[in-house]
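Asks: The lines below spell out each chain.
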Amino acid sequence: MPSLTCHRLGNAHYDTMRTQEQTLDEILNLAATHFKVPREKLTPHDDFFKTLGIDSLQALDLLTRLEHHFNVELPDYELQGVSDFSTLASRIQSRL
Amino acid sequence: MLDLRQYTCLGAALRDAIERWPNETCLIEADRDREKQRLTFSDFKDLAIPRVRALQDVDLKPGDRAAIIMTNQSKWLVSAYAIFYAGGVLVPLDYKLTAAEHIQLLLHSKAKYLVVEYYLWRAIMQHPQFGNLKFRTVLVTEAPAGSELAGAFRWEEFRRKGDPEFVNRQKQDAACIVYSSGTGGRPKGCVLTHENYLEQCIALTAWYPFWPGVRYLSILPTNHAIDFMVGFIGPFVCGACVVHLRTLRPEYVRDAFSRYKITYVSLVPMVLKNLERGLKAKFDELSKAKRFLLERAIAINKLLTRKRPRVALSRKLLPQVHAAFGGELQALITGGAFMEPSTMQFFYDLGIPVVNGYGLTEGGTALTLNDLKPFRADTVGKPLPGVELRILNPDAEGIGEVAARSKTVMSHYLDDPELTAQTIVDGWLLTGDLGRFDGDHHLQLFGRKKNMIVTEGGKNIYPEDVENAFDGLAVKEYCIFAANYVWPSKSLGREMLVLVLRLENNQEFNQELRNDLNARNRSLPDFKRVGGYVIWDKDFPRTASMKIKRTELAEEVRNRLQRSAVVGL
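Same order as they appear, the protein sequences are chains R and L. Following the working numbering, the numbering of the first sequence begins with 136 at its first residue and continues without gaps. Following the working numbering, the numbering of the second sequence begins with 5 at its first residue and continues without gaps.
No lab work stands behind these hints, which were simulated from the structure alone. Note that beta-carbon positions come from the ideal geometry of N, C-alpha and C, so glycine has one too. The reader is advised that the hints may include incorrect statements.
Straight-line distance between alpha carbons at most 25 Å, and here's what the computed BS3-like set of lysine-lysine pairs gives [to be verified]:
(1) R:Lys185 x L:Lys65
(2) L:Lys100 x L:Lys65
(3) R:Lys171 x L:Lys284
(4) L:Lys116 x R:Lys185
(5) R:Lys171 x L:Lys65
(6) R:Lys171 x L:Lys100
Selected chain R positions facing chain L (in silico; Cβ < 8 Å) [to be verified]:
(7) Glu175
(8) Thr178
(9) Thr186
(10) Asp196
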């Protein structure tokens, strides 16, 4: 039986391993809240630069928030060439 | 600083700087809030010399080309110094390019040696074109234990005992091949000589000197002409220190100012705007009383710094603002892209001078710079010492193409005599930028004559280089232009690429085509994306060899369509 992994989520704690879908959903929620975009307007394959109306520095800022949320460290290069939420989720998932 | 006039090459100047200030700190490297490394010039030498010996043992000969692809870090500068020491020619490549682009430029440059960061090497190794690369030696930094390196050496282990031979180069010898653009299309490798760099360094430090104790925050990629000069050569030959960050997250960049008491930093407009946004948000959080006091202090500062910056006084008037920048900041330097005057004025009013300059890789680092006598937010400054500028074919308003003559102008484009002859005419570099001089001999820029854009992140984008991403698009033909090239504008705002689409007979622009366009556009790095399209109803004019006559097509589009016809993508 796989051991349970504890991930910090803000002040709360997850007591099970996230699936990629959960990771993606949390990214979309966080992006919607942080950039004040209605959650229903964001879909996994959206180009986040365009949908959120952000530049590459603001995208790095989003990466920092995701680091805090998922409690992982993501080098800047993980974002290089990535522009959709789905790929971003898989990059984060591989480090969880 | 060293008297650079006595040197014929960068290697000798750097070698003597290292000997002159052995105990001064020359490099600090931090990752987020963790300091990873701090080197004196003596430590730097200890890292570099065994690697020079090792490079010479693997047969690096004077004139051999060696490429570096790395994020900003001490190993970049150590490797570059080792290459110069052995008489090599440095090919600094932009780490933000894709593996395919790296391979294209590595092939074009004919680099025999490569120093590369592991994650970039991994991407290059996995690319189908990898087999085309032929190196004598590849050094990979920070490769995880047990990782497959395809015959490359680990940088950390690549060192040999024994004294290497210092190889002196002549002023006219190539020091670097710097790609100003051209990935995907026609690579433009600017061959810059040792004289180009030495003269540029003399000119820049005449106006903005470095000295031991100065700390320069290196944010622009080191392959970029500006950071290579002011984040490596300039500080080193003056005994100053360079601070590298392994992340460009805005909060860590902000934090670095105060942690390392930064003296100078070069920034692209995007970063400066980000800092402005952050400061304004902080100001908005102030209580009414504190906001009132802040605005009074700013008003007094503006009054007292009308004629020239008085940084020490500004620090007293606005202590909290200056403390957030470390309290030692002398100036923010911008260049490589065009800055909004309101942003520069915002910082100047706070007592933080913004030095705006203008340059292009072909001209060295900078051709003009603001001397702050007084601060001007509406110009890119005056020609640097040794730089002659003139305006070609000025119109009634005095606006024409800027041409430059200087010892800092590149020797030529690598393996492209035709493009060189079009670009350097009778010793004058034709910049393709439109400008005029005002009464105080300050240069003002108004737009571009050439078909290219410069992004807020400081990237030169040539439309031809982006067209590959649309190969196979289900239309009769297409062409990409810079919007300001098709519809000339005496302003540098709203720069974007526009796709001109010629559909097949009876073809409609449907959702499927739109989706395909969007998908291809997304496959490009964000700074290279096309901003919109226009539908064109005539076949493109072509040469006998079927190349699109771009100038003619742009003129036809200009004559029949307004810029407002562009549909956003």
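Asks: Each hint should be assessed against the structure and marked as holding or not.
Replies: Comparing the hints with the structure gives:
no., hint, in the structure
1, R:Lys185 x L:Lys65, "48 Å, violated"
2, L:Lys100 x L:Lys65, "29 Å, violated"
3, R:Lys171 x L:Lys284, "19 Å, holds"
4, L:Lys116 x R:Lys185, "40 Å, violated"
5, R:Lys171 x L:Lys65, "57 Å, violated"
6, R:Lys171 x L:Lys100, "29 Å, violated"
7, Glu175, "20 Å, violated"
8, Thr178, "13 Å, violated"
9, Thr186, "11 Å, violated"
10, Asp196, "6 Å, holds"
Hints 1, 2, 4, 5, 6, 7, 8, 9, counting from the list given before, are not met by this structure.
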